[in-house]
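Visitor: FYI, in the numbering used here the residues of the sequence shown are 1113 to 1325.
Don't read these hints as lab results, they were simulated from the structure. If a hint is listed, it holds; no wrong ones were tucked in.
Pairwise CB distance ranges (calculated): (1) 1151 / 1287: 51 to 59 angstroms; (2) 1291 / 1177: 29 to 37 angstroms; (3) 1238 / 1168: 37 to 45 angstroms; (4) 1260 / 1150: 33 to 41 angstroms; (5) 1155 / 1130: 14 to 22 angstroms; (6) 1173 / 1229: 28 to 36 angstroms; (7) 1187 / 1242: 23 to 31 angstroms.
No farther apart than 25 angstroms at their CA atoms in a straight line, the calculated lysine-lysine pairs in the BS3-like style are these: (8) 1321 / 1258; (9) 1259 / 1178; (10) 1234 / 1258; (11) 1259 / 1210; (12) 1258 / 1178; (13) 1259 / 1243; (14) 1119 / 1130; (15) 1259 / 1321; (16) 1259 / 1234.
Here a beta-carbon is modelled for each residue, glycine too, at the ideal position from N, C-alpha and C.
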Amino acid sequence: MEIENHKEEVPFEHYLEKYGSLDPKEAEERLNILYDAMTQEFRLRFMGHEYAVAYPVFSIRPLDQKEGEPDLFRSSIPAQTFVLRYLLEGQYVQSSGKFMTFREVPTYGELYIQPFTGRCLKRLTYGFGYKLNAFAEAMERIPGVKKRSMGDVSYEFELINGYYMQFIFWEGDDEFPPSAQILYSDNFQFGFHAEDMVVAGDLSITTVKSLCA
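Required output: the full structure, derived from the provided sequences and hints.
Guide: Set out below in structure tokens:
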């Protein structure tokens, strides 16, 4: 447990230190998000909910979640690190409306395909493949989610401001096990590193799991 925490805390502390010297107006323009100079907070959306991110002393608080609803940022260091990296290194590019598989990400997609397969595809498949009704109920609880017609069950949701993902399931039968696919809006390849896309998949699956009754 200590080793795992160490692995999470070292990068978090690294980006936390860099965050203090961030130019908030530059970040606002680069990411196409709002920075409120009066409250010294960025405003962003994650999995359908609104959050305020304080600057220069980093903290994240939900703006529209009801009491008792899961808040990933309260307990997850990787989730907080993801937001730090987004604010420090992200780049907003408008999507064309098309989606792509992780393997289609230029250059680095192939490099990270193994962790993506283990942390995202397999986790999604084995977590919900035999519980598609529970999966659908959880997805319906995400604000702004859209049901799609691909596969047997599929949904599209906004991960973070202007970046969208799709979860697609094919139901198993007596002959074949269930399978799943994760698609990313095509602007992900410009706004995020491949390793961040792996984390995006991981965090979104964690969120869906937390929404299961």
